[in-house]
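Trainee: This is what each chain is made of:
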Amino acid sequence: AQTVTQSQPEMSVQEAETVTLSCTYDTSESDYYLFWYKQPPSRQMILVIRQEAYKQQNATENRFSVNFQKAAKSFSLKISDSQLGDAAMYFCGASGSRLTFGEGTQLTVNP
Amino acid sequence: GAVVSQHPSWVICKSGTSVKIECRSLDFQATTMFWYRQFPKQSLMLMATSNEGSKATYEQGVEKDKFLINHASLTLSTLTVTSAHPEDSSFYICSARAIQVIRVTEAFFGQGTRLTVV
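Here the protein sequences line up with chains U and S, keeping their order.
In terms of my numbering, the first sequence is residues 1 to 111.
In terms of my numbering, the second sequence is residues 1001 to 1118.
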């Protein structure tokens, strides 16, 4: 079984500030990836960042970084220096043989 | 990143007819494709996983006779909604994934198809 849970339906942040989106997961697979995707109003899914489960080092992509706690099955996304263009729905995903997503977090960036 | 093309972007069909949605990986070979359904302001619900040359694996609660998935080649998968009804109206998204020699890569998404059944 594989489940992904995002407990924050909505989050807001001031422009230039930092925000953290939470995600927990559960999987029976030993080899898996974790992802954060954003979905703007166009509904095109855009990869933000990914983490290989076998790597202990947290992934970083420019202003985006993750806090991967494997034992706790936690995978949070930190967005630094938030920009207006970061406003979107963010989905946390887990991928082994299947790719499943959490409920999503709607991020609003206030100017 | 790699490109996944989904067609059509939107379609309106009459109740009782069938609709086919295509998902193509344009510049890589997709050994696995995923099909999702998404209601407004909700998450992507995985419908089925298809591996090239094999029968699709459907998620619990998804009618395999209603949502026919074919993955006959490494660049094309199709979803056919048979005998469509208004409750099948939704946004359908495909995703394609390539398997590298050792590790799984990220999945790339199509633009989605908005299906309206009248």
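In case anyone wonders, no lab produced these hints; they're calculated from the structure.
All C-beta atoms in this analysis are idealised placements derived from N, C-alpha and C, irrespective of residue type, glycine included.
Be careful, since some hints might not be right.
What the hints assert, rightly or not - Simulated DEER-style distance windows between Cβ atoms: (1) U:E15 with S:E1063: 26 to 32 Å; (2) U:A71 with S:K1014: 49 to 55 Å; (3) U:A72 with S:Q1042: 32 to 38 Å; (4) U:F64 with S:K1041: 21 to 27 Å.
What the hints assert, rightly or not - Here are the simulated lysine to any residue pairs, SDA-like style, with alpha carbons at most 25 Å apart: (5) S:K1064 with S:A1002; (6) S:K1041 with U:N58; (7) U:K73 with U:G85; (8) S:K1041 with U:G85; (9) S:K1041 with U:P41; (10) S:K1066 with U:V109; (11) S:K1020 with U:R98; (12) S:K1041 with U:A71; (13) S:K1041 with S:S1005; (14) S:K1041 with U:V109; (15) S:K1020 with S:V1003; (16) S:K1020 with U:R43; (17) S:K1020 with S:D1065.
Trainee: Does each hint hold? Answer for all of them.
Mentor: Do the hints match the structure? See the list:
1. Here the CB-CB span from E15 (chain U) to E1063 (chain S) is close to 46 Å, at odds with the stated 26 to 32 Å.
2. With their beta carbons about 53 Å apart, A71 (chain U) and K1014 (chain S) fall inside the hinted range of 49 to 55 Å.
3. Checked against the given bound of 32 to 38 Å, the beta carbons of A72 (chain U) and Q1042 (chain S), roughly 26 Å apart, lie outside it.
4. Roughly 23 Å separates the CB atoms of F64 (chain U) and K1041 (chain S), a value that falls within the hinted 21 to 27 Å.
5. Proposed proximity of K1064 (chain S) and A1002 (chain S) is contradicted: the alpha carbons are some 29 Å apart, above 25 Å.
6. Our distance criterion of 25 Å between C-alpha atoms is broken by K1041 (chain S) and N58 (chain U), whose separation comes to about 29 Å.
7. Restraint check for K73 (chain U) and G85 (chain U): not satisfied, since their Cα atoms lie roughly 29 Å apart, outside the 25 Å limit.
8. A threshold of 25 Å between alpha carbons decides the hint, and for K1041 (chain S) with G85 (chain U) the separation of about 19 Å falls inside it, so the pair holds.
9. Distance hint between K1041 (chain S) and P41 (chain U) is fulfilled; the C-alpha atoms sit about 10 Å from each other, no more than 25 Å.
10. About 41 Å separates the Cα atoms of K1066 (chain S) and V109 (chain U), which puts this hinted pair outside 25 Å; it is violated.
11. The hinted pair formed by K1020 (chain S) and R98 (chain U) meets the criterion: a straight-line CA distance of about 23 Å does not exceed 25 Å.
12. Proximity of K1041 (chain S) to A71 (chain U) is assessed by CA-CA distance (about 31 Å); at most 25 Å being required, the pair is judged violated.
13. A C-alpha spacing of about 23 Å is found between K1041 (chain S) and S1005 (chain S), which places the hinted pair at or below 25 Å, so the restraint holds.
14. With a CA separation close to 18 Å, the supplied pair K1041 (chain S) and V109 (chain U) stays within the 25 Å bound.
15. This hinted pair checks out: K1020 (chain S) and V1003 (chain S) have alpha carbons roughly 20 Å apart, not beyond 25 Å.
16. With a C-alpha separation of about 20 Å, the suggested pairing of K1020 (chain S) with R43 (chain U) holds against the 25 Å cut-off.
17. At roughly 14 Å between alpha-carbon atoms, K1020 (chain S) and D1065 (chain S) fall within 25 Å of each other, so this suggested pair holds.
Checked against the numbered hints listed earlier, the structure breaks hints 1, 3, 5, 6, 7, 10 and 12; every other hint is satisfied.
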